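Residue numbers (this note's numbering): 1 to 437.
What the hints contain is simulated information worked out from the structure, not anything from laboratory work.
Treat each hint with caution, since some may be false.
[What the hints assert, rightly or not] Quick list of simulated restraints, FRET-style, between CB atoms:
1. R6 - E319: 56 to 62 Å
2. S9 - V315: 54 to 60 Å
3. I108 - I36: 19 to 25 Å
4. V80 - K114: 48 to 54 Å
[Stated by the list, open to error] Result set (DMTMM-like, lysine to aspartate or glutamate): computed pairs, CA atoms no more than 25 Å apart in a straight line:
5. K114 - D167
6. K297 - D352
7. K114 - D168
Computed from a predicted model, the values in this text were never measured in an experiment.
The beta-carbon is built from N, C-alpha and C at its ideal position, and this holds for glycine as well.
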Amino acid sequence: MGRNQRAESSGLISCVICAAVGFMAMTLYRAHAPAIWQLTQRTFTACAAIGAACAVFSFIVGYTHFSRSLHEQRHWYLVVRRLFEVLALSVVYGSTIFLTSFMFLDMINGMMGKAMSGYLPAICAAFCAIFGYVTFVQAELMNAKTLASLLPFFIIAGVSTAGSTSDDPYWANNNFSQLGDRTTFAARMFNSTLMLGGICIVIISYFAITELVANYRQRLRWHGDETKLGSGPIPHFMQRTVILAILLTLAGIEFFGIGMFRYTPHPILHNVFARSLPGIMGILLIALPWLAPQLSKAVYVISDLAIVVCAYAGVIWLEGDNTLTNVEALAGLLFLGWFVVFTRQIAAIETDRMQAQVLHAQYDAATVSNDADGMRTVPIPVNAPVTRESVDSGVGGANGAGTGRRRRLHWRRRHDDNGISGTAVEPSLESRLASDQ
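Assemble the whole structure, with the sequences as input and the hints as a guide.
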């Protein structure tokens with residue numbers, strides 16, 4: 001079986017196991033939990049937690065199943081880095097699935113009412129089965145596009161659940177801070193969503209920055225300063241990348257701080273985080289062409305358009321024709337949409353880099369073996385130059401007439417840098433999200 005077929009088959013096994021675990025766990029919870037934990041919202045919390053736990057365990061098994069970094073004996077830093085990636089991605093998946101499960105449970109409860117109580121073990125088993133299957137398959141076939149798509153769904157699920165369960169019907173008349181400025185379940189859900197969302201932004205930004213660096217290093221090795229196929233080195237690349245990483249990290253910290261410090265007990269800290277976030281977002285979007293010149297021009301246009309729309313909404317609010325809640329919601333959704341576009345651009349860069357590596361390895365194998373028929377079937381990569389070097393042929397006659405030598409096309413070797421050899425490419429593509437370079 002191929003890698004994709006093995007992933008699907010393993011996902012089905014994970015689906016069955018997680019369904020059985022979810023059903024038994026929810027049944028035991030309903031039978032032995034104290035009366036205070038048998039309330040509706042706390043029962044939903046337990047059910048969502050069981051689903052998230054099954055999904056995280058399934059994801060960890062799937063992500064580390066083919067990982068060679070965890071078995072490295074000489075490079076301990078690769079093991080540490082891979083463990084950090086596993087932990088970070090587990091946080092993203094676990095928090096997303098928990099809030100999504102709770103949102104669906106709340107929706108089902110609104111339709112079924114009290115009759116839902118008897119179906120909770122079956123519903124929990126169904127959720128665990130779906131999440132176990134999806135996370136296992138996604139873990140084995142992980143790419144940055146999948147990871148980028150989780151964040152907006154996670155934020156929308158948490159905020160929607162908080163808004164629908166709030167006991168304050170007038171929170172939307174002021175601002176979003178009023179929704180989290182209480183000690184109710186809805187307020188805790190809203191603040192927790194913001195904090196976890198900030199953590200997820202920082203984690204995803206780490207993978208995005210790592211991929212930008214890996215792609216740039218590969219481009220320099222293949223193009224350098226001499227090739228006409230590339231633009232040469234980017235001036236002050238490391239400084240630009242560091243500033244981009246700082247701005248993305250600060251944006252995540254701002255989200256975390258808004259949820260961490262409620263307005264009533266901490267008005268100064270809450271305002272510091274809430275009011276500095278638009279400034280950081282504005283700087284990031286305006287300076288994006290200089291910070292990340294590898295992106296397409298369409299991303300820069302979208303970034304400028306988002307700034308214009310937010311500024312127009314702010315002017316309408318200052319004139320009294322709009323509420324601050326609408327302005328904050330619009331700005332938050334536009335930033336999340338931009339962040340998804342940004343990370344998907346990074347994912348596209350990652351995919352192109354991997355395809356170039358595969359083509360390079362195939363062409364390298366064909367040229368080293370001097371197989372003319374094999375070289376006809378291998379497409380020549382258009383984004384990497386070839387060099388001519390003189391090598392002794394050891395063949396006389398017509399081929400070596402006059403010089404006794406012949407010239408042969410071959411690629412620069414990078415066995416130690418990329419882990420790519422002329423004969424094999426790692427089937428699991430170890431650098432799924434962050435390259436081991």
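Here is what the structure says about each hint:
1. R6 - E319: 56 to 62 Å: 60 Å, holds
2. S9 - V315: 54 to 60 Å: 56 Å, holds
3. I108 - I36: 19 to 25 Å: Once the Cβ atoms are compared, 23 Å apart, the range 19 to 25 Å for I36 and I108 holds.
4. V80 - K114: 48 to 54 Å: Taking Cβ atoms as reference, V80 and K114 lie about 50 Å apart, which means the hint holds.
5. K114 - D167: 20 Å, holds
6. K297 - D352: 17 Å, holds
7. K114 - D168: Given pair K114, D168 holds - Cα atoms ~24 Å apart, limit 25 Å.
Every hint from the earlier list agrees with this structure, and none is contradicted.
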